[in-house]
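Q: If you want the building blocks of each chain, they are given just below.
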Amino acid sequence: MNQEKTKTEPENDSRREFMMNMSLGLGGLAAIAVSIPVAGALLAPLLEDKPEVWRAVGSAENFPIGSTQLVKFENADPKAWAGTTAHTAAWLRRESTDKFIAFSANCTHLGCPVRWEAEAKLFMCPCHGGVYYHDGSVAAGPPPIALRQYAVRVADGQVQIGTAPIPITNFSDGQKT
Amino acid sequence: MSLLRKIANWFDDRTGFSETILPVMRHPVPPGAKWAYVFGSATLFCFVLQVVTGVGLSLLYQPSSDSAFQSLQFITSQAAFGKVLRGIHFFGASGMIILVGIHMIRVYITASYKYPREMSWISGVFLLFLTIAMGFTGQLLRWDSNGVWSSVVAAQNLGRVPLIGTALARLLLGGDTIGAQSLSRFFSFHVFLFPALIFLFVGFHLYLVIRNGISEPPKAGRLVDPKTYRKWYDDMLKREGVPFWPNAAWRDALFSSLVILAIVGFAILIGPPPLTQPPDPSIINTSPEPDWYMLPIFALFALLPPATESYLIFFGPIVGVLALLVLPFISNRGERSPIRRPWAVFGVVCVVVAVGSLLYIGNRAPWSPQFETKPLAQSVRFRDPKLERGASLFYKKGCQYCHRIDGHGGITGPELSRIGRTWNPDQLKVQIVNGSDEMPAYGGMLTKAELNDLVTFLSSRK
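Residue numbers (this note's numbering), protein chains in the order written: chain A, 12 to 188; chain B, 39 to 500.
Don't read these hints as lab results, they were simulated from the structure. Don't take each hint at face value.
Below are the PhoX-like pairs computed for lysine-lysine, each with C-alpha atoms no more than 20 angstroms apart in a straight line [as the list claims (entries may be wrong)]:
(1) B:Lys434 with A:Lys132
(2) A:Lys132 with B:Lys265
(3) B:Lys486 with A:Lys132
(4) B:Lys276 with B:Lys72
(5) B:Lys72 with B:Lys257
(6) B:Lys467 with A:Lys132
With the hints as constraints, model all of the structure from the sequences given.
A: In structure tokens form, the structure reads like this:
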């Protein structure tokens, strides 16, 4: 009986090996097939294309020259279930009749919301004490770079702000070269 | 034979419970393993508590960016026992983080990570970081303004990773900005992904306890030698081992029960952390502050010199994780007793003191300007109008947010109650006009008269 077994073994082995490889291969294929849409859901934020949109924040005469005001507008791509989280705020200043600047409200240190102190003419961050001058440059504290700005334009008497991603401070930002 | 016993026998015969599970429950453990060994199991019980209360909360919670905050308000103020449920989940998280820390310190001090328990340590390191990740994502799920801004802060931290930083930040937030997708992601991580990984690693961690046995209490001079350890351990267990259930397990059960009762007590007496403002990113009058277990990290980022910050945010965690992972390989044999490993004990003391100090200072947050301080001129009467003008400028120009006078104001900068004693008017003027790294230069923002009033006021503080 032993002899018989050894005789048939090579044939059985190669057959078993083939079946084994096939099941492993098919299993791998199934795993990949399932992984792609799951990875797609995970990576979706990188794959979606979000164009810049202009959002009106009020008519130009609402903003006296020299004033700095908080303006609120909607993101580029608000989903129905975003609710109030689709809002963004920016600090809008009217420099002259036709010149506006919009500062991001995100501190460049770790993203906390900076507030404009009108009397002191400073932007101040509540988290780690970052302070910026009225032009957005760093006045004190840990921020590595100046406040970012949004694009602003005036169209039909309306001040419009160009939506933009939350500014992310990168590794090399603020490193002295 | 009673009917109950018949049913039990039938069940045992068909499931094999007493054949397979019972021997595992009764596996022999070293006899001296006493109260020092309860922290791992208490962590596990806290995790079970988190799963149970988490299921409870999920019955009431709306995982949507739009309505999560309202459902939190509902849970806290209306739902039956909702407030206590939230409280238990919060203090359960706190307990889990504290216990995971104590468990890790115990394992390190008694060098239980040495041969053959390297994989127990490594899986434990993963569980530590998963626990912290659960704490952080759980805090975000409160989805008040704290949650929203904390997720922005986390995104900014990821943003410091070279090359792929911005992409990682976008992946965390679920898009370019906070929005509809942000909360769904945190919910998925906190409720599905991380718990699944914790179950996986906990299962592995426990399996390793059965496979390698718990480490015997160390004895000075008894060295671990990989060549002989397993045989010595097995012989020792055969000689003097006691069954885990019930000889050792009662301590785990007792301690864990006390921990859970304490958590419920805290939940009833103190309650869950209050909700802050709604999750509207355009509400900017908010001071994001993480839950206590993230405060040490928050404090570290405030205290780091800005020039080194990017390096520390990026390399710090990498070096930390790698150091923890390689520990059982660079220190694999030899002495286990803390008495013979003074540097290990000293290192633990240093880490505990450092984290404790960061927690203390993070709670005090001296770097945060105090926006809610009331104008000095309101509570102090000044006879000299010049002094009064100076005092009101001191508030209006933001000085008082960071400097304290007579108990009013922030503590970011030096206290100025008696500044007139040591600084003359010229020195004050130079400092105010030019500022420093920590203070804005006010030169361009003050008129000459304002500067004079401010200096006169400060000089009068004697």
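Q: If a hint holds in the structure, say so; if it doesn't, say that too.
A: Here is how each hint holds up against the structure:
1. B:Lys434 with A:Lys132: The hint holds at about 10 angstroms.
2. A:Lys132 with B:Lys265: Status violated; Cα separation ~72 angstroms.
3. B:Lys486 with A:Lys132: 16 angstroms, holds
4. B:Lys276 with B:Lys72: 19 angstroms, holds
5. B:Lys72 with B:Lys257: 14 angstroms, holds
6. B:Lys467 with A:Lys132: 19 angstroms, holds
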